[in-house]
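J.: If you're matching them up, the sequences are chains A and B in order. The numbering used here puts the first sequence at residues 22 to 560. The numbering used here puts the second sequence at residues 656 to 956.
These aren't lab readings, by the way, just hints derived from the structure by calculation. Just so it is clear, the structure is predicted and the values come from calculations on it, not from any experiment. We treat Cβ as the ideally placed atom computed from N, Cα and C, and that holds for glycine. Treat each hint with caution, since some may be false.
Sample of chain A residues at the chain B side, in silico, Cβ under 7 Å [unchecked claim]:
no., residue
1, Leu354
2, Asn356
3, Thr358
4, Ala370
5, Leu372
6, Ser375
7, Lys376
8, Arg378
9, Lys383
10, Phe388
11, Pro397
12, Glu407
Stretch-level coverage of chain B by chain A, calculated; a stretch enters the list once three of its residues show a Cβ under 8 Å from a Cβ in chain A [stated by the list, open to error]:
no., segment
13, 663-675
14, 696-702
15, 833-846
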Amino acid sequence: MSDPVLRVNNLRVRLPKGADRPHAVEEISFTVNPGEIVCVVGESGSGKSVTAQAVMGLLPKELTPDAGETLLQGEDTLQAVPNRLRDLRGTKMAMIFQEPMTALSPVARVGDQIAEVLEIHTDLGVADRRARAIEIMRAVHLPDPDRMVDSFPHQLSGGQRQRIMIAMALVLDPALLIADEPTTALDVTTQAQILKLVKEMQERQGTGVLFITHDFGVVAEIADRIVVMQHGRIVEQGSRDDVLRNPKEPYTQMLMASVPSMTPPERTVIKGETSINVTTLNKVYGRKGWLSKDRIVHAAKDVDLYVKKGETLGIVGESGSGKSTVARCIARLINPTSGSISLHGTEIATLPESKLRPHRSKVQIVFQDPYRSLNPRRTIGQSIIEAPMNYGITQDKALADARDLMELVGLSGDALDRYPHQFSGGQRQRICIARALAVKPEVLIADEAVSALDVSVQAQVLELLDDIRDRYNLAMLFITHDLRVAAQICDRLIVMQHGVVVEQGPTRSVYSDPQHDYTRLLLDAAPGTDVEFGSGRAH
Amino acid sequence: MAVTTAQSPFRQTLGRMFSNTSVLLGGGLALLIALMGIFAPYLDTRDPSGISPRNRNQPPGYEATVRDYNTGQKVEVVYRMGSDTLGRDVYSRVVYGARTSLIVGLSVAAIAIFVGMLIGLIAGYFRFADSFIMRIMDGMMAIPAILLAIAVVSLFSAGLLSVIVAIVVSEIPRVVRLVRSVVLSIREEPYVEAAITAGTPTPLLLVRHVLPNTIAPLIVQGTFIVASAIIVEAILSFLGIGIPPEIPTWGNIMAEGRQVFQLHPHNILYPGIVLALTVLSVNVLGDGLRDTMDPRFSKQV
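In isolation and in its complexed conformation, chain A is listed as follows (with noise of 0.2 Å):
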């Protein structure tokens, strides 16, 4: 083989002080071979980002690499002079971000964004730098080039730009390409569309590739290699197929159980009253036009749905699909256009806001930003016993089931005076949990509640919420753009696409057999089907 792209060797990058450990990563080595791609893998704060940020010389100023070599083709890019620096970026590195409406300038038109790297580090006229331009922009199979050279990243989808992230990284075909979590931000067809692109490229141009990710099932698409990072020191390498089917470390174990199975587990039949019953429900944004055209989006249109006690409801879809909407029409966070919801028989679609007080216990929310979801001025209990309170419960009573319903979502009782800037993201969905559980609700809403946790943190989440819901015989509506999520918690599923509900029906059948085109399309493209991960879920 070769000589490496990229040889990192005993990298070990300084946190400032009173951080919660003394090094970013410490003592990381490894190797980008050409035309290969090498997946870091690892949860927040394990130092990944850190590592491609350090070979770019992209790393923020608090952050000081102190020992070790990050050699591009047997350059040190750690002690590159700043001008060294950006002339290696773009010819001999490169990289794309997760966030590829930022990561654009909004007020460029795409192909001169492009052309720019051509016009800092080549001679090209203006002529052929379009022209090149439009060259790669066909190469990463955008559609109609010669016409989108001139758009504004606006103008395009996130699975465009993300493309147009991915031909200025090559324009000059570069050794190395790094992607930071380059398909974290998109719908789960679209991503399945970027990876594959990614690899036709680095097929294509021999490029090494180091791939950030936090997700196993991109890995398993993707990898070559694998790197699995925690607390800034790399645990197990190896090649895909040693990493995923015969892992060593107990920690990567742990994350591979971790991983939710794309097989729906055997589940038995809830035969309960309904609780909640939802008939052709509808939400229209936009306005009749008065003078201009009418500008209308139906977000949900004529949605029917039903959860029994104890059951558990999964909405899936991608964004934009109107599951959200559905879950905010049902909490009445938003007001259907028309529709009817029946909880036990109550009508609540059309309740004005005074009537419809008494009723909201009955319906409570978990959200999906747990660092948005407690108002951080508030200590956790305060923010518990707010809900029983506005229901008559004395401060005392409500602060005692606080303690208990802290102890039963597993944390301690005597961290209710504690702010929620304490607590990591997954305490804090817990938190969110007791919170949803102090009036006891009937109907318990997961919106995207786990996707923005650690896969690790996740299994224990999921796992609580399962629990809780058995416990006090809840109804819980969960909604999810995550397939292997819905295959394991799900009792019954409901698939949307632009509003409308395509497909219907228990989790396993739909799994097993999809009947419409869309959820095949969805299950086709989730990634990483092929191995096959939580086989070993504590349970």
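Given the structure of chain A, go ahead and fit chain B onto it with the hints provided.
T.: Relative to the frame of chain A, chain B by itself:
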């Protein structure tokens, strides 16, 4: 978990604030000027409106013998900053002038923030009120602040109260816009939505979850209002349409010194310096507060 004792976000902000150079520097200077106004009678000053025609237009450091009005005794006095066209002591007038400026600055800021916060809260949270309120505010912002102030002062009699009202009216739209923009983003926060599903009544929800987020930007905005109110008051006094000339304000002193500026520049120089220092200190304080209270700055590593 690293932190075991519960430290509220409020206390953390306070800690950051008192280790910020701008806050300490600007706050210290502003405090000094405030103390100067409060203890004006004890700073070796004389009656700021006591005239002495014989000693008019004298340079700084001029020594004279004047008859005390109360006792009838002749006393030796020093005009530290010279005397004005009526022989009044500019030093005493500048020190006493701090009172008016600070009263105007602080009360304008307090009233504008309170009223603006109420209106902004309503405009930001209740959609039906939004466009109506904001169009009125847009209209008010279209009128130049000084013109609006002149109009208000000329409707009522000139005096401290009408000057305060005049400046408040032109400051309110800015506060309303600020509060509204904060409320618009906070009302989408999941914890506000969680409070809605918890059945928290709307007034309580606003006070408990929405309002605290407006405090930090409002305090910062408040310092800038103080500074601009002090300047507008000085401008109105300088134009002779603000506080009556017998009350010493920095604007009044400068207005009277204007005619003889080329011969006796000290009449404008000293109040001008103190005015500039005051506004500078308040602005530096505001900058420091913004750096320490804005959550975007606290998120850094």
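J.: Holds or violated: is there a CB of chain B closer than 7 Å to the CB of phenylalanine 388 of chain A?
T.: holds (4 Å)
J.: Can we keep the serine 375 of chain A interface hint, with Cβ of chain B closer than 7 Å?
T.: violated (10 Å)
J.: Can we keep the asparagine 356 of chain A interface hint, with Cβ of chain B closer than 7 Å?
T.: violated (12 Å)
J.: Answer holds if the nearest beta-carbon of chain B is closer than 7 Å to that of leucine 372 of chain A; otherwise answer violated.
T.: Since the shortest Cβ distance to chain B is 13 Å, the answer is violated.
J.: Hold the hint about threonine 358 of chain A up to the distance rule: shortest CB distance to chain B must be less than 7 Å.
T.: This hint is violated: threonine 358 of chain A lies away from chain B, its Cβ roughly 16 Å from the closest one there, beyond 7 Å.
J.: With chain B as the partner, please determine if alanine 370 of chain A meets the hint condition of a C-beta pair closer than 7 Å.
T.: Check failed: Cβ of alanine 370 of chain A comes no nearer than 16 Å to chain B, outside 7 Å.
J.: Going by Cβ atoms only, is lysine 383 of chain A closer than 7 Å to chain B?
T.: violated (10 Å)
J.: Classify the hint on leucine 354 of chain A as holds or violated, based on whether any CB of chain B lies nearer than 7 Å to its CB.
T.: holds (5 Å)
J.: Would you say the segment 696-702 of chain B counts as covered by chain A, given the rule of at least 3 residues with C-beta under 8 Å?
T.: With 0 residues in contact (Cβ-Cβ under 8 Å with chain A), the coverage given for the segment 696-702 of chain B is violated.
J.: Holds or violated: is there a CB of chain B closer than 7 Å to the CB of lysine 376 of chain A?
T.: Given a least distance of 12 Å, the restraint on lysine 376 of chain A is violated.
J.: Answer holds if the nearest beta-carbon of chain B is closer than 7 Å to that of proline 397 of chain A; otherwise answer violated.
T.: holds (6 Å)
J.: Closer than 7 Å between Cβ atoms is the bar; does arginine 378 of chain A clear it against chain B? Give me holds or violated.
T.: holds (5 Å)
When each numbered hint is compared with the structure, violations occur for hints 2, 3, 4, 5, 6, 7, 9, 14.
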